[in-house]
Every structure is written in C-alpha cells, then in structure tokens.
Amino acid sequence: MANNKPIADKISEKIASHQIKMKPKAYFITGSVLLGAGIAAGVMIAMFFVSIAVFRFRVHEPFDYLKMGRPGFMPFLHNFPWIPMLIAVVGIIAGLYLIKRFNIGYRQAFVGIVAGFIVAAVGFGLAIDASGLPERVQGSKPFKPFFQENYSGENWVVGMVEEIADDQLTITQPEGKTTIITIENTTIIKPRTEITNGEIIKVLGQQKNGEYFAEAVFHGSPPRGGPFPPHEKPGNVKGKQFCPSRRK
Amino acid sequence: MEIQRLRDEELVSIIRDQDQELYTEIVNRYEQKLRRYALVFVHDNDKADDVLQSTFIKAFINLKGFNTKKKFSSWIYRILHNEAINYIKKHKRELSLDDSTEVLRITSDIDHNQEIEKEEIKTFLNEHMDRLSIKYREPLALFYLEDYSYGEISEILKMPVGTVGTRVSRGRGLLKKSITKNHGQ
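Protein sequence lines correspond, in order, to chains A and B.
Just so we're aligned, residue 1 is where the first sequence starts under this note's numbering, counting upward by one.
Just so we're aligned, residue 1 is where the second sequence starts under this note's numbering, counting upward by one.
No lab work stands behind these hints: they were computed from the structure.
One thing to keep in mind: the hints can contain errors.
Below 30 Å or equal to it, Euclidean Cα-Cα: the simulated DSS-like pairs (lysine-lysine) are [claimed, not checked]: (1) B:58 with A:23; (2) B:158 with B:71; (3) A:67 with A:144; (4) A:23 with B:70; (5) B:176 with B:135; (6) A:100 with B:58; (7) B:33 with B:58; (8) B:70 with B:58; (9) B:33 with A:23; (10) B:92 with A:5; (11) B:71 with A:23; (12) B:176 with A:5; (13) B:33 with A:14; (14) B:69 with A:10; (15) A:5 with B:89; (16) B:58 with A:14; (17) A:10 with B:71; (18) B:92 with B:58; (19) B:122 with B:92; (20) A:21 with B:64; (21) A:21 with A:5; (22) A:10 with B:89; (23) B:89 with A:100; (24) A:190 with B:70; (25) A:25 with B:70; (26) A:14 with A:25; (27) A:25 with B:71; (28) B:90 with A:23; (29) B:33 with B:69; (30) A:23 with A:10; (31) B:70 with B:158; (32) B:70 with A:14; (33) B:90 with A:14; (34) B:176 with B:90; (35) B:71 with A:100; (36) A:100 with B:176; (37) B:135 with A:14; (38) B:69 with B:135.
Construct the entire structure; sequences and hints are all you get.
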C-alpha cells in the first residue's frame, strides 16, 4: 500500500540510499550477446539435427515399413529418427521461445516467424544433408548415438542379397551377420520384380528353428551414405536372379 | 543547462552518466501520464501507485539498457504495461484480466444517430474504461487518452501496427454497439 509521500521523493530516497542501483552497461551487452547466441544456437541445432533426421530417413527409409501394413509398424518405430527429430523440435521451440520472451520481431505476426523458422531449419537441414556432412560425422564419437543403425529386429531384417537359391536368399547385414531367408508361396514380394544379387532388401517375417521365413520382401536401394555399397541396375547384374513368378 | 528543456532521451543520458538524482525529473514528467495508464489496468489509486512505483524503480535499474536513439516514453510505457500485468497476475483474486465481458452496459445520454468522435470516445473511455476487455482497453487508452500514434502503440504493446489498428477499430465498434444497444433499451 502506498503512503502519502510523493512518488518522486520515495524514488529519490531509494536512489540516494543505494537501495536501487542501475545495472551496468556490460549486463545488457552480455544479455544481448547471449540472447543472439541462444537464438542462433537454437536455429543451428535445429538445422543440424534436421539434416541427421533427413539422412536417417534416406538411409533407413522408415516409411517404407508402413507400406507393409501392420507388421511394418514395429520396424517403422525402430527406424524412425526420434532423437534427432526431437532435438530439432526442441531447438526450434527454444529459438522461438527466446524470440517471443524478449519481444524480438513483434512487428511481424508470430505465425510468420514460426513458419520462417521451420522453413529455415528444414531448408538448411536438407542442404546440409546434400552437402554430405552427416556422412562425414556419423562415425565420430559425439554424434554416433544420433546415427543409431537398425538393420534387424524381432520380425524384420535388412540386408544385401549375397546368394540366391530356388526358395532361399542369403543376405548379409552391414555388421557382417548372414541370414538365410526362406521364401514361401505366401510370401509377398513388392514390387513383383526380380531380386538380384547385390540388391538391398527389407524382409518381414519370423525366425523359426534357426530359419527365417519371409512374409514380405521389399526391394530397396543402397542409399547414398548408407553402409551398403552401390548396386548396379538389375539389367546389368551378372549372376543369379530370384524371379517371383518362378516360385514353386 | 535547463533540465526542463531537455528531451527525455538527453536527460536519460545525463542521469546515466552524470547525475542519478535527476531521475526525479523523469518521475515528475511521467507520473501523471503513467498513473492514468496504470488505472487502465487497476481501478484503484493505491494499486496504481504501487504499479507506478515499481515501474519507476524498474526503469531506473534498467536505464543503462535503454537505447537513447529510441523513444523513452514508449520504453517506460512498456515497462508499466509489464508491471501492471504482473501486478494483476499476482493479485488475481482482487483483480481480473477477464476478456469475456467485452463491453457491458454503458449508459449514455448520447444520441445514437450521432457519430462518436474522438473527444466523445475519450469521455466514454474515461467513464467506462473498466467495462472494456483489457485487450481493447490498452490500445484505446493509448490512442484516445494519451494521443499516441499506432506506431508508438505498436512499440509499447509489442504488437504489429496492423493489430493495433484492428484493436482500436474493434474496441471503438464495441463501444458504439453498446451505446446503440443501451439507447434502444
């Protein structure tokens, strides 16, 4: 509750008795620098992790698993780049929070700033991915956790076709593990084209008594930056081919 | 040097670098205007004084953060705006930021065919300010009572100039509507 003394006197007394002091200029300069750095860090973190997410989408193609229907859901979850996406989103939110908190850019509609921020993060993320930076950093220690590689799970396996028999395919995973896939009459092959040696395939199925029975096989392609070597087009491939129409 | 003749921004430079006690001159220049604006938020003189005092204290503490190339009045109004909002949040039970009651009944003798001009709106605002939602109250008060331009209001309220225009126009519309409605009853 205010007493009857004029406000000017009250303030004057507080100043004279050093009850209130001006913050030094350095405080504000530091604040501005930190604010700028915070916003820049938010944007850069978002861009970098968007590029990692783009890389992971490209290499692991998680959405391909969803095309396989319900059985593809678990491999999709395993291969979706959750952590990079989450960090990118946190970076965007942190940058926007700082902009909002310190009233920067209030002249523009905030929706426009949000859209600009997202477009910048995604645009530069794609550009960073195209520059090949994620490939270069994926092996380095601090970034390794963000490039977590999944080539097999409970009901799915990804590998390069090494050998083709009448109803069996031998595939090798990047870590060198070999799996023999048994193709049954009920196995769905998508698209219904020949499987060739050296091709990357995604298989959904079940392991029974040491054998892997395929429910569905999907053609893939070795993406740039992935662990698989480049593969020649089927027409030029020398060696055996597995033709879905010739299945017993 | 005649202190009274100095512009706010020049005075602030002197206070910061030479004589802090001259801050009372700033207080004297702004006390009445800011009290009137504080009353837009808190409809009580003692509460307005509390908001006012904390505004002047905060402005003094942060004086070295003020860019003297900008307008001091916009800066200090902004501080008051923030302090008032904080005060209302702190005293939620006594005060309300309720936006639901856009305009309640505004009783008026004005002829409903007569166009409400700036001076009339000024009078109405003075009398019925508390019946408008704070969203409209603030820009209307700054525009009609304090004679600030949309650009200056945009600086104070930290919102785009277009939004200021929309709120002033909608607030004015709400006043007109309410007056017409009341006159018809």
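Next item on the list: Could you grab the alpha-carbon distance between residue 71 of chain B and residue 23 of chain A and see if it respects the 30 Å cut-off?
Entry: 20 Å, holds
Notebook entry, point to check: Does residue 67 of chain A pair with residue 144 of chain A here, judged by a C-alpha cut-off of 30 Å?
Noted result: Between residue 67 of chain A and residue 144 of chain A the Cα gap is close to 28 Å, so the pair holds against 30 Å.
Next item on the list: Could you grab the alpha-carbon distance between residue 33 of chain B and residue 23 of chain A and see if it respects the 30 Å cut-off?
Entry: 26 Å, holds
Item checked: Pair hint outcome, residue 90 of chain B versus residue 14 of chain A [Cα-Cα no greater than 30 Å] -> Distance ~24 Å between residue 90 of chain B and residue 14 of chain A Cα, so the pair holds.
Note to self: Does residue 100 of chain A sit within 30 Å of residue 89 of chain B, going by the straight-line distance between their CA atoms?
What the structure shows: Answer holds: residue 89 of chain B to residue 100 of chain A is near 19 Å, not above 30 Å.
Margin query: For a C-alpha distance cap of 30 Å, please report whether residue 69 of chain B and residue 135 of chain B respect it.
Written below: 29 Å, holds
Notebook entry, point to check: Would the pair residue 21 of chain A and residue 5 of chain A pass a check requiring their Cα atoms to be no farther apart than 30 Å?
Noted result: 21 Å, holds
Next item on the list: Assess, step by step, whether the Cα of residue 14 of chain A is no farther than 30 Å from the Cα of residue 25 of chain A, and give holds or violated.
Entry: Measuring from Cα to Cα gives roughly 20 Å; hence the hint holds.
Margin query: Holds or violated: residue 70 of chain B and residue 58 of chain B, Cα atoms, limit 30 Å.
Written below: 18 Å, holds
Margin query: Given the hinted pair residue 122 of chain B and residue 92 of chain B, is their Cα-Cα distance within 30 Å?
Written below: 28 Å, holds
Note to self: So if I understand the rule, the pair passes when the alpha-carbon distance is 30 Å or less; does residue 176 of chain B with residue 90 of chain B pass?
What the structure shows: This hinted pair is violated, its Cα atoms lying about 33 Å apart.
Note to self: For a C-alpha distance cap of 30 Å, please report whether residue 23 of chain A and residue 10 of chain A respect it.
What the structure shows: Holds. Residue 23 of chain A to residue 10 of chain A sits at ~20 Å (cutoff 30 Å).
Hints 12, 24, 34, 36 and 37, counting from the list given before, are not met by this structure.
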